[in-house]
Each structure stands twice: as structure tokens, then as C-alpha cells.
Amino acid sequence: MEAESKTFNPGTTQPSSGQFPPGTNSSDRRSFLGWLLGICTLSVGALLSVPLVRFGLYPLRVKTTETSWSDLGDEGKFALVTSPVRRLITVEHLDGWRKAVFQRTVYVTKGADGQTIVLSAVCPHLGCSVPWNEAQGQFICPCHAGVFARDGKRISGPPPRGMDTLETTIKNGRLMVRYQYFRQLVRTKEVVA
Amino acid sequence: MSDAAADNRSIKPKPGKELPQRIYTWIDHRTGLDKLLHQALDAPIPGGARWSYVFGSGLLFILLSQIITGVFLALYYLPSADRAHTTIAYIVKEVTSGAFLRSLHAYGSSAMVILLILHLTQTFLYGAYKNRRELLWLSGCALFVLVLAMAFTGYLLPWDQKAYFATSVGTNIASEFPFIGDWLKRFIRGGSDMGTLTLSRFFVAHVFLIPAAIFALFALHVYLFRKAGAAGSVRPDLQAPRLTTESYYPRQLLMDLGFAVVLIAALGILAHFRPVELGPEANPADTRYVPRPEWYYLPIFQWLKYWPGSLAFLGIVVIPSSITVLFAGLPFIDRRRERRPWKRPVAVGSFAVVLLSLFCLGVLSRLSDRHDHAIAAQLAHQRQETRRFMQAPFEPEMAEASLAAANIALVDPFAAKGKEVYEMQSCDSCHGDNGRGSAEGPKLIGISTKFQPDQLEALLRHPTRKMIDGGMNAVVVNDQEIKSLIAYVNSLK
Numbered sequence: 000m001e002a003e004s005k006t007f008n009p010g011t012t013q014p015s016s017g018q019f020p021p022g023t024n025s026s027d028r029r030s031f032l033g034w035l036l037g038i039c040t041l042s043v044g045a046l047l048s049v050p051l052v053r054f055g056l057y058p059l060r061v062k063t064t065e066t067s068w069s070d071l072g073d074e075g076k077f078a079l080v081t082s083p084v085r086r087l088i089t090v091e092h093l094d095g096w097r098k099a100v101f102q103r104t105v106y107v108t109k110g111a112d113g114q115t116i117v118l119s120a121v122c123p124h125l126g127c128s129v130p131w132n133e134a135q136g137q138f139i140c141p142c143h144a145g146v147f148a149r150d151g152k153r154i155s156g157p158p159p160r161g162m163d164t165l166e167t168t169i170k171n172g173r174l175m176v177r178y179q180y181f182r183q184l185v186r187t188k189e190v191v192a
Numbered sequence: 000m001s002d003a004a005a006d007n008r009s010i011k012p013k014p015g016k017e018l019p020q021r022i023y024t025w026i027d028h029r030t031g032l033d034k035l036l037h038q039a040l041d042a043p044i045p046g047g048a049r050w051s052y053v054f055g056s057g058l059l060f061i062l063l064s065q066i067i068t069g070v071f072l073a074l075y076y077l078p079s080a081d082r083a084h085t086t087i088a089y090i091v092k093e094v095t096s097g098a099f100l101r102s103l104h105a106y107g108s109s110a111m112v113i114l115l116i117l118h119l120t121q122t123f124l125y126g127a128y129k130n131r132r133e134l135l136w137l138s139g140c141a142l143f144v145l146v147l148a149m150a151f152t153g154y155l156l157p158w159d160q161k162a163y164f165a166t167s168v169g170t171n172i173a174s175e176f177p178f179i180g181d182w183l184k185r186f187i188r189g190g191s192d193m194g195t196l197t198l199s200r201f202f203v204a205h206v207f208l209i210p211a212a213i214f215a216l217f218a219l220h221v222y223l224f225r226k227a228g229a230a231g232s233v234r235p236d237l238q239a240p241r242l243t244t245e246s247y248y249p250r251q252l253l254m255d256l257g258f259a260v261v262l263i264a265a266l267g268i269l270a271h272f273r274p275v276e277l278g279p280e281a282n283p284a285d286t287r288y289v290p291r292p293e294w295y296y297l298p299i300f301q302w303l304k305y306w307p308g309s310l311a312f313l314g315i316v317v318i319p320s321s322i323t324v325l326f327a328g329l330p331f332i333d334r335r336r337e338r339r340p341w342k343r344p345v346a347v348g349s350f351a352v353v354l355l356s357l358f359c360l361g362v363l364s365r366l367s368d369r370h371d372h373a374i375a376a377q378l379a380h381q382r383q384e385t386r387r388f389m390q391a392p393f394e395p396e397m398a399e400a401s402l403a404a405a406n407i408a409l410v411d412p413f414a415a416k417g418k419e420v421y422e423m424q425s426c427d428s429c430h431g432d433n434g435r436g437s438a439e440g441p442k443l444i445g446i447s448t449k450f451q452p453d454q455l456e457a458l459l460r461h462p463t464r465k466m467i468d469g470g471m472n473a474v475v476v477n478d479q480e481i482k483s484l485i486a487y488v489n490s491l492k
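Those protein sequence lines, which keep their order, are chains A and B. Going by numbering that gives the first Met the number 0, the first sequence opens with residue 0, and the numbers climb by one from there. Going by numbering that gives the first Met the number 0, the second sequence opens with residue 0, and the numbers climb by one from there.
Please keep in mind that the hints were generated in silico from the structure rather than gathered at the bench. Do not take every clue at face value.
Said to hold, decoys possible - For lysine-lysine, the following DSS-like pairs were computed, each having C-alpha atoms within a straight-line distance of at most 27 Å:
{"#": "1", "chain 1": "A", "residue 1": "K98", "chain 2": "B", "residue 2": "K34"}
{"#": "2", "chain 1": "A", "residue 1": "K152", "chain 2": "A", "residue 2": "K62"}
{"#": "3", "chain 1": "B", "residue 1": "K442", "chain 2": "B", "residue 2": "K416"}
{"#": "4", "chain 1": "B", "residue 1": "K92", "chain 2": "A", "residue 2": "K98"}
{"#": "5", "chain 1": "B", "residue 1": "K442", "chain 2": "B", "residue 2": "K482"}
{"#": "6", "chain 1": "B", "residue 1": "K92", "chain 2": "A", "residue 2": "K62"}
{"#": "7", "chain 1": "B", "residue 1": "K34", "chain 2": "B", "residue 2": "K184"}
{"#": "8", "chain 1": "A", "residue 1": "K98", "chain 2": "A", "residue 2": "K76"}
{"#": "9", "chain 1": "A", "residue 1": "K98", "chain 2": "A", "residue 2": "K152"}
{"#": "10", "chain 1": "A", "residue 1": "K98", "chain 2": "B", "residue 2": "K442"}
{"#": "11", "chain 1": "A", "residue 1": "K152", "chain 2": "A", "residue 2": "K109"}
{"#": "12", "chain 1": "A", "residue 1": "K76", "chain 2": "B", "residue 2": "K416"}
{"#": "13", "chain 1": "B", "residue 1": "K226", "chain 2": "B", "residue 2": "K184"}
{"#": "14", "chain 1": "A", "residue 1": "K62", "chain 2": "A", "residue 2": "K76"}
{"#": "15", "chain 1": "A", "residue 1": "K62", "chain 2": "A", "residue 2": "K109"}
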């Protein structure tokens with residue numbers, strides 16, 4: 000009664016004969032339609048893939064993880080420092096749709112060549128917060144008595160290197176610092192994440 | 000065709016088609032591709048190709064679109080109560096083409112429901128459930144339910160007010176089931192109340208379980224369809240040989256593809272010019288919120304209003320299940336071979352009545368909302384809130400510890416001074432940032448519940464034996480500083 004029980008004569012196709020593509024006969028109109036179909040489908044597919052690809056590759060074009068630069072203040076204020084000045088900076092770390100805001104201690108001081116540098120207060124030995132001792136003119140770590148000079152250079156004690164300098168830049172006359180974490184217990188300064 | 004004949008032909012390729020022909024034959028000899036394509040493309044349609052047959056493949060096309068957009072959305076989405084809304088806001092407000100893709104996905108689900116109705120109306124009218132197509136019809140009914148389940152589970156995922164409350168109402172209906180109602184509700188929700196566990200299981204259902212079932216049933220559906228053959232035109236009547244039959248390729252395939260292009264163009268235009276909005280985050284404590292389900296659930300929503308209290312069982316369970324059983328069991332109930340709609344008044348008539356009633360219920364629901372001033376006002380307010388949220392710039396989620404740090408300075412300057420003392424004295428090196436604790440020292444959060452301020456001061460100035468053994472040193476600072484330190488430590492959260 001139904002299709003499978005009767006032999007049908009489609010009237011428009013020939014049975015499979017290994018022709019490419021099947022279902023076509025030698026009629027040019029049919030193959031033309033076939034190709035037209037294919038092209039239309041491909042162009043629609045191509046058009047749609049544009050937003051899909053841009054969506055998927057978004058993190059490659061836009062920075063989705065970054066630590067912001069922190070503002071230390073007017074650059075001129077630090078020009079005449081003789082002793083290290085302690086500052087609390089606010090650091091913003093952006094991670095996709097998350098943002099972490101935290102505060103960290105840094106010291107603004109003069110380097111060996113007289114340039115303004117910014118030191119991380121994190122001791123490169125085991126991570127304690129190193130205070131500046133004005134009376135002794137040195138940084139003295141309270142945990143294991145590591146001693147550093149006013150420019151952060153290592154003087155004595157268990158720390159394997161001097162206090163870590165942080166990247167700085169001047170923007171619109173303001174001193175900006177990029178806060179980073181460095182690996183402890185190693186002789187060379189290595190950024191950790 | 001005998002294999003020998005086929006082989007002969009492959010030795011003598013057609014001129015001008017040499018390479019494609021040979022590649023095709025190479026693949027065919029190893030996969031049987033030719034026979035497969037032949038079955039797919041040369042399937043006969045009695046009575047010829049029709050535009051009214053495009054809805055089935057339209058459904059497949061939208062399903063593919065939903066899968067693709069869904070996978071891409073999942074690159075940024077997280078299904079937890081505290082993150083879901085933020086990640087969707089990120090997609091919609093920040094990521095390139097995020098709003099467009101999300102709208103494609105949301106409108107696609109409405110398109111699925113519309114196409115479902117069109118497809119089942121067409122197959123019903125053409126009597127395409129008759130003549131040994133019972134299993135085909137049943138698999139179609141199952142697919143219908145699964146698609147509605149996809150729409151229901153997907154609706155919750157943005158975790159905005161609309162999503163939360165609409166699902167709350169929807170899952171409450173489950174508790175109307177006899178005997179197992181309450182258990183069922185708690186199973187679906189992952190608890191007595193809606194929460195993050197609800198979101199987790201809805202996500203798993205939406206992404207893994209229901210799609211798996213859809214794939215399986217879809218494969219079955221298409222197989223059964225091809226086995227039974229297209230039912231084709233209802234004219235002229237049961238004397239089959241008088242029907243002209245056309246193969247699927249090229250005309251029907253062309254129509255199917257043409258319809259698919261129309262669909263994607265419509266969805267694309269809608270998604271571009273009228274992107275779907277995300278409302279403010281779910282607030283379970285908001286008792287004023289008036290939830291409304293998506294448009295295709297409005298008829299059921301309205302229907303429920305007529306069955307309060309003890310009548311609920313009749314209206315929510317008995318009547319809908321009877322209609323469902325009749326609908327799904329149609330091929331077993333209607334055994335006549337007659338397929339012409341005008342010769343099937345009972346079937347077509349009752350179908351029309353149900354469809355029309357559903358439509359009227361939907362309209363009534365909208366009208367009653369408009370005429371109830373209180374509700375209309377609240378709904379307008381809700382729309383406004385949504386608009387306001389959409390216009391606000393994206394706000395990243397603030398990571399936990401950082402919030403406390405940011406807040407201290409704002410709230411209490413004395414405690415803020417204490418924070419400086421905390422860091423100067425290297426308390427953070429053992430007790431951690433913001434007193435959260437570390438391997439070297441216990442957390443200080445909540446210490447105000449254990450010690451009074453003067454006790455703390457004594458402990459700090461003169462640590463106990465146990466503290467000294469653990470590595471604690473006496474804190475040597477002046478009185479002001481120690482008091483500010485204690486104020487800071489007491490404020491830690």
C-alpha cells in the first residue's frame with residue numbers, strides 16, 4: 000500500500016549508478032541547482048561563523064586578565080626623598096568577569112644611580128613584610144633578621160637576593176607602579192603569575 | 000546494479016569530471032556512501048515536494064543552531080548561583096557578539112516551539128500518523144516533550160529575577176502530582192527551595208541528559224520515517240499508483256534549505272535589532288515580583304488559574320494527562336486509513352478545538368495582565384528594572400578577600416590604621432592577608448567572639464606559652480596602635 004511495497008517511477012531521477020552526485024541525471028539544470036544550493040548554504044554558514052569566531056576568540060583580542068598599574072602620587076613629591084617612604088597601594092587584578100582589589104605595601108626610594116625606584120615590601124626569603132628602620136638606616140626583616148640597604152640591596156642574613164624592584168612608569172606626571180609577586184628563596188628575581 | 004558493472008564504470012570515468020568522480024568512487028568503495036546518499040536524496044515523496052513539508056527539517060536546522068550557539072555560550076558561562084548571572088552579563092555586555100549569540104539562542108528556543116506546532120499540525124492534518132507509523136508518531140511526541148524540557152531547563156540558567164521566579168512556579172506545579180508530587184519537586188529542585196543545586200542539575204539536564212535523549216530519539220524518528228516512507232499528498236485517495244512521486248532531491252531539499260535560510264535570516268535580524276535582555280540578578284527575598292513564563296507556557300499558566308484548591312488535581316493532572324494520552328495514542332485510536340482532512344471531522348475538529356483553546360488561553364492571560372492595574376504596574380516596573388540593568392556597564396564580581404580590604408578604609412579609619420599596624424608588624428606573614436590564616440598561623444576572622452578587647456591586648460603584649468611555641472612574638476607597639484590593631488582584627492570578616 001505504501002511506498003515500500005510498490006515499485007515507483009520517480010520520473011525525475013535514475014537509480015544509483017555511481018554517478019556524482021547521486022540523484023542527478025545528465026541534466027545541466029539539476030547540477031546547477033545543486034551547486035547553487037551548495038554555495039548559498041556555504042555563504043550563510045560563512046556569514047554566521049563570523050560572530051561565532053569573534054565570540055570564541057574574544058580573549059585573544061582583548062586582555063581579559065591583567066593587573067592594573069597603581070598610582071603612587073605626584074612624581075615630583077618623590078624627587079627629593081632621602082629615606083625610603085612607605086606607601087600603601089591599591090592593586091586591581093582583572094580576571095575575566097572577576098575583579099580582585101587588594102592593598103599592598105611598597106617603598107619608594109632612591110636606587111644606586113640616584114633614580115627613583117619602588118621596592119616590594121615582601122621579603123625574598125620567606126615573604127614577611129620588611130619594615131624600614133630609620134635609626135639604623137636599613138631594612139631589617141623581623142622574621143629571620145635579613146638586612147637590606149636603603150636601595151634594597153642585600154647586606155646580610157638568609158635572604159638569597161635583595162629586595163625586589165617593581166616596574167614603574169610616569170603617566171601624566173604621576174608615578175605609577177605595577178605590582179607583581181616574585182618567587183621566594185631563589186637567587187634571581189622571577190615573577191610568579 | 001551489480002558490483003562488476005559498478006567497477007566497470009569506475010574504470011572509465013566521465014570526461015570533464017575525472018578527479019571528483021574518482022575521489023567519490025574511492026570513498027564509496029570504502030564506506031558505501033553512494034547507497035547512503037541515494038537513500039537520503041532519492042527518497043520518494045508521493046504527490047511531489049511541498050512547502051508544507053519543510054517544518055521537520057526546519058526543526059533539525061534550529062536544533063543544530065541551538066547546539067552550536069549553546070556550546071559557544073558555555074565557553075563563558077558558569078552554572079552556580081553566585082556566578083551564573085555575572086557570567087551571562089559578561090557575555091552580553093563585554094564579549095564581542097555575545098548579545099547577538101545569546102539572542103540567537105533564546106529566540107531559537109521560541110522558534111523550536113513554533114516549528115514544533117507547525118510540524119505536528121502538518122503531520123496531523125496529513126494523517127501521517129496512520130498506516131504503520133505509530134512508533135514514528137510516538138517518537139515525535141517524546142521529542143516534543145524533550146524540546147519543551149530543554150526550553151524549561153534553559154530558562155533558569157541566566158539566574159535573573161524572571162528565570163528564578165518563573166522556574167519556582169514551574170517546579171511548584173510538580174508537587175501537584177499524586178503521591179510522588181512533593182518528592183518530585185524536591186528531586187527537580189535539588190532541595191525544598193530553589194538554589195544553586197537547582198541550577199547545577201538544570202544545567203546538567205540541559206547540556207547533557209536531554210540532548211542525549213534528543214539525539215537518540217531523533218535518530219529513531221528519522222529512521223522510522225524513512226522506513227515507512229513519506230506519507231505524501233492526501234490526494235486523490237487510496238489508489239496509490241495514480242500519485243506522481245518525486246524524489247527528495249532536488250526540489251524538496253531546495254525548499255528545506257530555502258526555509259532554513261529564511262529561518263536563520265529571521266532569527267539573525269531579530270537577534271541583531273532586538274537583542275534579548277538580561278534582568279537584574281535573582282533576589283529570592285523580593286516578594287513583590289510577579290513572574291510570567293515564556294509565551295508558549297502562558298496558556299498553561301492561564302489554565303491553572305481556573306482550578307483552585309481541591310479542583311487543582313482535576314485541572315492540572317487529570318485533564319492534561321487525558322489529552323496527552325489521547326494525542327500520543329492517536330495512531331492506536333484512529334485506525335481508519337482515511338487521510339483526507341475533510342473526511343476526518345472528529346480528529347481534525349478536536350485538534351482544532353485544542354489548538355484554538357490554547358491560543359485563546361494565551362491571549363486571555365495577556366489581557367488579564369493588562370487589565371489588572373496592580374499587576375500591569377508591577378510588570379511595567381519589572382520591565383523598567385530590566386532596561387536599567389541592561390544600560391548599566393558591566394560590573395565584575397569582586398573576589399572575596401579583596402572586598403574586605405576595600406571596605407575597611409571606607410568604613411572605619413581607626414580600623415584602617417590598625418591594618419597598617421597589622422602589616423608593619425608582619426602579622427600577615429603568619430596570619431595571612433586580612434586575617435584569613437595560613438599554614439603558619441590560625442585565622443583571626445571572628446576572633447572577637449572568642450576574646451574581649453582587653454583580653455586580646457593582654458595576649459598580644461604577653462603571649463601564652465602555647466602561642467610562643469607556635470612562633471608568635473610579643474607585639475611591641477604603643478597603646479594607640481595596639482587598640483587600632485585590635486579594632487582592625489575585630490572587624491575582619
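### Task
Any hints from earlier that this structure breaks? Give me their numbers in increasing order, please.
Numbers 1, 2, 7, 8, 9, 13, 14 and 15, in rising order.
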